[in-house]
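Protein chains: 2
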Amino acid sequence: MNEKAINDILEEVVRNVIDQLGGKTPNASACEKTSDVIPVELSGRHVHLSEDDAKALFGGPLTLTRELSQPGQFLCKERVRLIGPKGVMDNVAVLGPSRSHSQVEISKTDARILGINAPVRQSGDVAGTPGIILASEMNIVGLEEGVIVAARHIHMSPEDAKKMCVSDNEKVSVRLESERPVILEDVVVRVNDAFNLSMHIDPDEGNSAGWDKSVSGKILSKGWRS
Amino acid sequence: MNEKAINDILEEVVRNVIDQLGGKTPNASACEKTSDVIPVELSGRHVHLSEDDAKALFGGPLTLTRELSQPGQFLCKERVRLIGPKGVMDNVAVLGPSRSHSQVEISKTDARILGINAPVRQSGDVAGTPGIILASEMNIVGLEEGVIVAARHIHMSPEDAKKMCVSDNEKVSVRLESERPVILEDVVVRVNDAFNLSMHIDPDEGNSAGWDKSVSGKILSKGWRS
Chain A
1 MNEKAINDIL EEVVRNVIDQ LGGKTPNASA CEKTSDVIPV ELSGRHVHLS EDDAKALFGG
61 PLTLTRELSQ PGQFLCKERV RLIGPKGVMD NVAVLGPSRS HSQVEISKTD ARILGINAPV
121 RQSGDVAGTP GIILASEMNI VGLEEGVIVA ARHIHMSPED AKKMCVSDNE KVSVRLESER
181 PVILEDVVVR VNDAFNLSMH IDPDEGNSAG WDKSVSGKIL SKGWRS
Chain B
1 MNEKAINDIL EEVVRNVIDQ LGGKTPNASA CEKTSDVIPV ELSGRHVHLS EDDAKALFGG
61 PLTLTRELSQ PGQFLCKERV RLIGPKGVMD NVAVLGPSRS HSQVEISKTD ARILGINAPV
121 RQSGDVAGTP GIILASEMNI VGLEEGVIVA ARHIHMSPED AKKMCVSDNE KVSVRLESER
181 PVILEDVVVR VNDAFNLSMH IDPDEGNSAG WDKSVSGKIL SKGWRS
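Going line by line, the protein sequences match chains A and B. 1 is the number of the first residue of the first sequence in this note's numbering; add one for each residue after it. 1 is the number of the first residue of the second sequence in this note's numbering; add one for each residue after it.
A portion of the hints provided could be inaccurate.
You can't tell identical chains apart in this list, so a pair holds if it fits in one copy or across any two.
Claimed, not checked - Below are the DSSO-like pairs computed for lysine-lysine, each with C-alpha atoms no more than 30 Å apart in a straight line: (1) LYS77 to LYS163; (2) LYS162 to LYS77; (3) LYS163 to LYS55; (4) LYS55 to LYS213; (5) LYS86 to LYS213; (6) LYS171 to LYS55; (7) LYS218 to LYS86; (8) LYS162 to LYS86; (9) LYS213 to LYS163; (10) LYS171 to LYS86; (11) LYS171 to LYS213; (12) LYS218 to LYS55; (13) LYS55 to LYS162; (14) LYS77 to LYS171; (15) LYS218 to LYS171; (16) LYS55 to LYS77.
Since the hints were derived computationally from the structure, they do not count as laboratory data.
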């Protein structure tokens, strides 16, 4: 038996094994994802306000009442009422600091109650989204656009991204270890020096997964699905 | 080179390939799951009533207004009010025919609004679950137990089960092809001659997956996760 014959057999074996395993070939990437545990936070309905809208609704700048997990972000003392064509929601959280554009983040459940067909978007991507009416005790402001269902995402630092072998804006699949285990696909990775490691899901996603504060997520490696 | 040496090399190659592929070995089962498309229905909050409770609330037997996807099951003309310690829900659907025990199926979102800590359970498995108050226009009935969040499940006939290579009470993972794709794990298969093929999820699960009537599910083959 010559060397070529042996090599032919070896190649045939490799092909057969790979075929039997469903055609999955190993990822050639040098970067190996670790299975770091990611804290999962539930992001309830909330509003970001522009400086002008904050002034119109509350007469002045927003006031901090509690700091949030992402550095610089805070819950405000101020609260708003959301008014849609089919329903109203009171006592909705306002998050600071103020932004260039006002934005309202609700769940699909909220969207049905308010009667607003809000699309799933990344924060800040509000072009062409539906509007809503915001009310405080002293004023009413109409937004022409800005109502979204926030796309699930993971905040992380460049160091975390490197460790987990992902990059900014990459979409990953994350398994939530919970009472009702799920894998959420199309989770957007957002990398920034100012970010602490945290995955944000909305209340629908939380409820459907039986989320509680102890639930964490794991990024699945590329090519995880057969 | 003798035969044993060649076999040793072949075995080593197979081991290496399998290692590189993440240790996944092929499923030895003779039964191969097909990737049949399963219609996915959203199961909103509803109530099943015992004959006694139906009589107490409505003075007589339940009346059919529309047949449902599962043979023999129907939506009733009668509606009830759910009364929990923190909230009330009006105009809740009653499904017939009446059962041996009354049962209330709500979502986790509903559970929070009502203030009832309902566990995820299969239909019929109500031992030790929380109670609730049901009201009609003519009476009030207190249930000592029976409030559940229905575990996601798939109804199918024995023929479907054979084709999809699953059995009654087996838990499978199902991918929903949707705006926000998810894989729901621990989906219970329920096999019965009287069942039509249909997966039932609750509104939280539907909203978190961006469900609409066009969304279907696919059972993932065993050992699908690396």
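Quiz item: Which of the listed hints are not met by the structure?
Solution: 1, 2, 3, 4, 6, 7, 8, 10, 12, 13 and 14
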